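Trainee: Please take these sequences and the hints and turn them into a complete structure.
Chains as they are written, first to last, in our numbering: chain D, 379 to 761; chain Z, 7 to 316; chain P, 31 to 316.
In short, the hints are calculated from the structure, not lab data. Quantities reported herein were computed from a predicted structural model and do not represent experimental measurements. Be aware that one or more of the hints could be misleading.
Unchecked claim - Under the rule of at most 25 Å between Cα atoms (straight-line distance), these lysine to aspartate or glutamate pairs were calculated in the DMTMM-like manner:
hint : chain 1 : residue 1 : chain 2 : residue 2
1    : P       : K142      : Z       : D312
2    : Z       : K21       : D       : D473
3    : D       : K504      : D       : E556
4    : D       : K426      : D       : E491
5    : D       : K738      : D       : E752
6    : D       : K500      : P       : D205
7    : P       : K142      : D       : D562
8    : D       : K529      : D       : D516
9    : P       : K33       : Z       : D312
10   : D       : K522      : D       : D473
11   : D       : K385      : D       : E556
12   : P       : K223      : D       : E512
13   : D       : K522      : D       : D505
14   : P       : K230      : D       : E491
15   : P       : K140      : P       : D205
16   : P       : K36       : Z       : D217
17   : P       : K223      : D       : D505
18   : P       : K223      : D       : E506
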Amino acid sequence: MAEVRLKDVVKIYPQVEKDKHNKKKNNLEVTDRGVVAVQQFNIDIKDKEFIVLVGPSGCGKSTTLRMIAGLEEITDGELYIDGELMNAVAPKDRDIAMVFQSYALYPHMTVYENMAYSLKIKHMPKDEIRRKVEEAADILDIRKYLDRKPKALSGGQRQRVAIGRAIVRNPKVLLMDEPLSNLDAKLRNQMRAELLKLQNRIQTTIVYVTHDQVEAMTLGDRIVVMKDGYIQQIGTPQEVFNHPANLFVAGFIGTPQMNFFEGELVREGDKYSVRYKDYVVELSENKSRRLADNNVGSQSVTFGVRPDQMLLGEGGIDAVVEVSEMMGTSSHLHAKLDDKDIIVIVPNNGEETSNLKNIKLSYNGSMVHVFSKEDGRNLEISK
Amino acid sequence: MKDNKPKVKSISYAKWGYIFIIPFFLVYFIFTFYPQVLTFYNSFFENFRDGLTQIGPRFVGFDNYKALLTPSDSGTIDILKYFGNTIIMWIMGAVPQFVIALLLAVFFTNTRLNIKGQGIMKTVIYMPNLIMASAFSMLFYTLFSNVGPIKPLLVQTGIIDQSFDFFFTTISVRGLVATLNFLMWFGNTTILLMAGIQAIDESLFESARLDGASSTRVFFNITMPLLKPIFVYTFITSMIGGLQMFDVPSVLTNAKGTPNRTVMTVIMYLNNYLGGSNNYGMAGAISVILFIVTAILSIIVFKTIDRDKG
Amino acid sequence: MNKKNKIASIQLTLLRILVYAVIILLCFLCLFFFVMLIINASRTNNQLQRGFTLIPGGHFIYNFKNAFTDSSIQIPRGMVNSFIVAAGSAICTTYFSALTAYGIYVYNFKLKKLAYTFIIAVMMIPTQVSAVGFVQLAYKYGLNNKLWVLIVPSIAAPAVFFYMYQYLKATLPLDIVEASRIDGSSEFVTFNKIVLPIMKPAIAVQMIFSFVAAWNNYFLPALLLTSSDKKTVPIMIAQLRSADYSKFDMGKVYMFILLAILPVIVVYIFLSKSIIKGVTSGSVKG
Chain D
379 MAEVRLKDVV KIYPQVEKDK HNKKKNNLEV TDRGVVAVQQ FNIDIKDKEF
429 IVLVGPSGCG KSTTLRMIAG LEEITDGELY IDGELMNAVA PKDRDIAMVF
479 QSYALYPHMT VYENMAYSLK IKHMPKDEIR RKVEEAADIL DIRKYLDRKP
529 KALSGGQRQR VAIGRAIVRN PKVLLMDEPL SNLDAKLRNQ MRAELLKLQN
579 RIQTTIVYVT HDQVEAMTLG DRIVVMKDGY IQQIGTPQEV FNHPANLFVA
629 GFIGTPQMNF FEGELVREGD KYSVRYKDYV VELSENKSRR LADNNVGSQS
679 VTFGVRPDQM LLGEGGIDAV VEVSEMMGTS SHLHAKLDDK DIIVIVPNNG
729 EETSNLKNIK LSYNGSMVHV FSKEDGRNLE ISK
Chain Z
7 MKDNKPKVKS ISYAKWGYIF IIPFFLVYFI FTFYPQVLTF YNSFFENFRD
57 GLTQIGPRFV GFDNYKALLT PSDSGTIDIL KYFGNTIIMW IMGAVPQFVI
107 ALLLAVFFTN TRLNIKGQGI MKTVIYMPNL IMASAFSMLF YTLFSNVGPI
157 KPLLVQTGII DQSFDFFFTT ISVRGLVATL NFLMWFGNTT ILLMAGIQAI
207 DESLFESARL DGASSTRVFF NITMPLLKPI FVYTFITSMI GGLQMFDVPS
257 VLTNAKGTPN RTVMTVIMYL NNYLGGSNNY GMAGAISVIL FIVTAILSII
307 VFKTIDRDKG
Chain P
31 MNKKNKIASI QLTLLRILVY AVIILLCFLC LFFFVMLIIN ASRTNNQLQR
81 GFTLIPGGHF IYNFKNAFTD SSIQIPRGMV NSFIVAAGSA ICTTYFSALT
131 AYGIYVYNFK LKKLAYTFII AVMMIPTQVS AVGFVQLAYK YGLNNKLWVL
181 IVPSIAAPAV FFYMYQYLKA TLPLDIVEAS RIDGSSEFVT FNKIVLPIMK
231 PAIAVQMIFS FVAAWNNYFL PALLLTSSDK KTVPIMIAQL RSADYSKFDM
281 GKVYMFILLA ILPVIVVYIF LSKSIIKGVT SGSVKG
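Mentor: Quick look at the structure:
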């Protein structure tokens, strides 16, 4: 139903005198116009796409969402919904709906009234309102609570009402601001699955904000990783996971975190290898080709290997296991490698891992990510 | 940023802030602020009605203030006398008001005493605060006047003489004013101080008691110091309210401040200038003096509360 | 040990008895005069001349009729006038104070801080200070004897604003306002349909307080309302005092006083709980 396009969108908060001495949190850039919360944000969101903005707190993801909603002024740049410039359009005329982190249900209204409110404002006929509210209530399985006040509902039920209130009007764009963060872990997993089903049903464009990378990976058609107001990478979950654009994305996406090593990238003709102390691993053909395409020379680099790609074996780098956590299908080994903490995931094949002490670690050349020491950029990706 | 590009107009809610506060400020400036300025302005003018002739307005500088502060024929400076009356009557009511309120607040909040029926007691003692002051005073007048029911009772029991008149004796009129003020305000003060004590962390009382402190010790070492901001706030607002004392003494003495103007308050004085002769000049000067005194007291409140907060 | 315990418990009991005695005495003092008022309002002038008794006189209706139809003190007229002023003030004060508090709390604008500071700064200025100028203006423009002149100024009530502001800060999450915006309501509709209902407890309490304050107000109305069909109740009560007292039917006088305070007492009987709660929540909490 709707495409959303952000072009060079910038948000600057004018600096209040008292904040200047206060905490200078998050490394946000400060210009003479104020604190830059979002920098030059560009994206084309396709119709019916599920976009997830993810990043640590203060990265600008919520601010971006609120600018799309019209709750926050856009300092610079342009916002288009369905090709129409929206900067000066009030939220009520943008045909968007939003689910708030706190749910923001109207405490003095029943569930029914909460869901019907936006339709009532549009002067929709009463019976049509009833039909729509009941339809949405059925999708979310909250029909039996329609006469209750929000106070009388559990967290999970309130969450459903908040979603119901948003979908009841068939918005062009559905915005969600950390909707699951107030739920307990079990409920969160359940709601995550339901959100996917919901999107299939209502077929609308969704922009979803979260700080939880698991939510981002499982829900998003595409993920936008943000930090300090800058977009770090936009891509499908596979792209972001397999080809992180830089050190930050590599470290942020994936649990447990990727292990990083300070080593050397060595180029011999069109062949590349990474060296850590005496251990040298030749990179795969694909990786070497991309590096060569970018004309990358021999240099000191930071390279990373995900914990599940570290191999236990006879040869490789020496490490000492400090703790071994049995997780069921695998074990997490927390090990010390030259004063660095690393994690290795060993699949559970029936062997005891709790007595492992001195281990030798190796990795496959196709699973190594190479990052520039200068700016943390993934060297495989052209500038 | 890109300054060469025309800035796209953006949505802003700031204007709604102004729209929502406009009625308040508009009304404030027309109906309160402008009259206040006019009051100050008037205080520098001679402007009153003498019988049917209008005198002034004529600029006289500080003459009105000088007139206020000049001793009259009898040698007293009227406004100081009236300030004195007001403060004496306020103190006569406020001292018992705060002592009783403090005691009640401590009793009510004491978990060991465990006083029952607090709800109904609070309801009863707060009620006089809502009663129309002029009607309450009129009731007192009818009850205590020569033809009222109380005097015969007291004469019979020999407490007073038949010749005694409640409204021709300074101490008894002042006493009635103070009693009315006490009755009207001690419930209010009790409730405020109770809330103040309840806001103190209960564990402080418990640990002090475990340390072996007696009830009086706990009161002076814990309750009072921590209650101080609220105590000072209620005390000074009571004083500011006391300075504006009008309805009670005015109705009790039929606006005359009898006997011998010993019950005349500052606002009654102001009212006499304003009501009778429309003497805006003198009334303005009295208002300005009242304003200055109130401002000083208010600053003391804010300073005290601020200091205790930081 | 046992003895010590016994002494302590006796001390506590004695203290408790003392405290109850003091409280009961004070409650008696608060109620005594009103009981006397009600009893006396039921007695005829003749009965009253004979001295005080605790037995009601049985002429309550008689006195009521007399007071209600008195031609010099038109108490029904006064009660209607007082009600107009009190109800008008109560509605204006609460609605506009809530509106102003909301405006300053929710929106960000350049003069926000200044507006807030200004209102707090003028909160303590006594009403009498503006009275001189106010009376002068009212007479100049012929607005004395107009009831609305007493109502409109209550739109700007700094103390009520402060109370509403504190209440909003404690109870209204900004998310709710934004949710309403997204749901499509305009800023005014959001205030009237969403925010006002959330503020209902605060509005109720302040409505009662401002109604009572306006009902009881004597100083300014007495200076402005001079024509007999505009007078409010307190003015009429004060008039009783200045009239030639000895000629009055005392039963009627008591009835006048009772009628003056009765509406407030009735309100109080029904709402005392929330009123007392309101006393504390309005004060500066430090």
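Trainee: Tell me if the straight-line CA distance from K529 (chain D) to D516 (chain D) falls inside 25 Å.
Mentor: holds, 21 Å
Trainee: Does D312 (chain Z) sit within 25 Å of K142 (chain P), going by the straight-line distance between their CA atoms?
Mentor: Holds, at about 22 Å.
Trainee: Measure nothing beyond the straight line between the CA atoms of K142 (chain P) and D562 (chain D); if it is 25 Å or shorter, mark the hint as holding.
Mentor: Violated, at roughly 39 Å.
Trainee: Do the alpha carbons of K426 (chain D) and E491 (chain D) lie within 25 Å of each other, as the hint requires?
Mentor: Answer violated: K426 (chain D) to E491 (chain D) is near 28 Å, above 25 Å.
Trainee: Quickly compare the C-alpha distance for K21 (chain Z) and D473 (chain D) to 25 Å and report which way the hint goes.
Mentor: Roughly 23 Å between the alpha carbons, so the hint for K21 (chain Z) and D473 (chain D) holds.
Trainee: If you draw a straight line from the CA of K500 (chain D) to the CA of D205 (chain P), is it 25 Å or shorter?
Mentor: holds, 21 Å
Trainee: K223 (chain P) and D505 (chain D) were given as a pair; does the straight-line alpha-carbon distance stay at or below 25 Å?
Mentor: With Cα atoms ~22 Å apart, K223 (chain P) and D505 (chain D) stay inside 25 Å; holds.
Trainee: What's the verdict on K522 (chain D) and D505 (chain D), does the C-alpha distance respect the 25 Å limit or exceed it?
Mentor: holds, 19 Å
Trainee: Within a Cα-Cα threshold of 25 Å, do K230 (chain P) and E491 (chain D) meet the stated pairing?
Mentor: holds, 18 Å
Trainee: Does D473 (chain D) lie within 25 Å of K522 (chain D) when you go C-alpha to C-alpha?
Mentor: Not OK: K522 (chain D) and D473 (chain D) at ~28 Å, beyond 25 Å, violated.
Trainee: Given the proposed pairing of K140 (chain P) with D205 (chain P), does the C-alpha separation stay at or below 25 Å?
Mentor: Since the Cα atoms of K140 (chain P) and D205 (chain P) sit roughly 22 Å apart, the hinted pair holds (cutoff 25 Å).
Trainee: Do the alpha carbons of K36 (chain P) and D217 (chain Z) lie within 25 Å of each other, as the hint requires?
Mentor: The hint holds at about 22 Å.
Violated hints, listed in ascending order, are 3, 4, 5, 7, 9, 10; each of the other numbered hints is respected by the structure.
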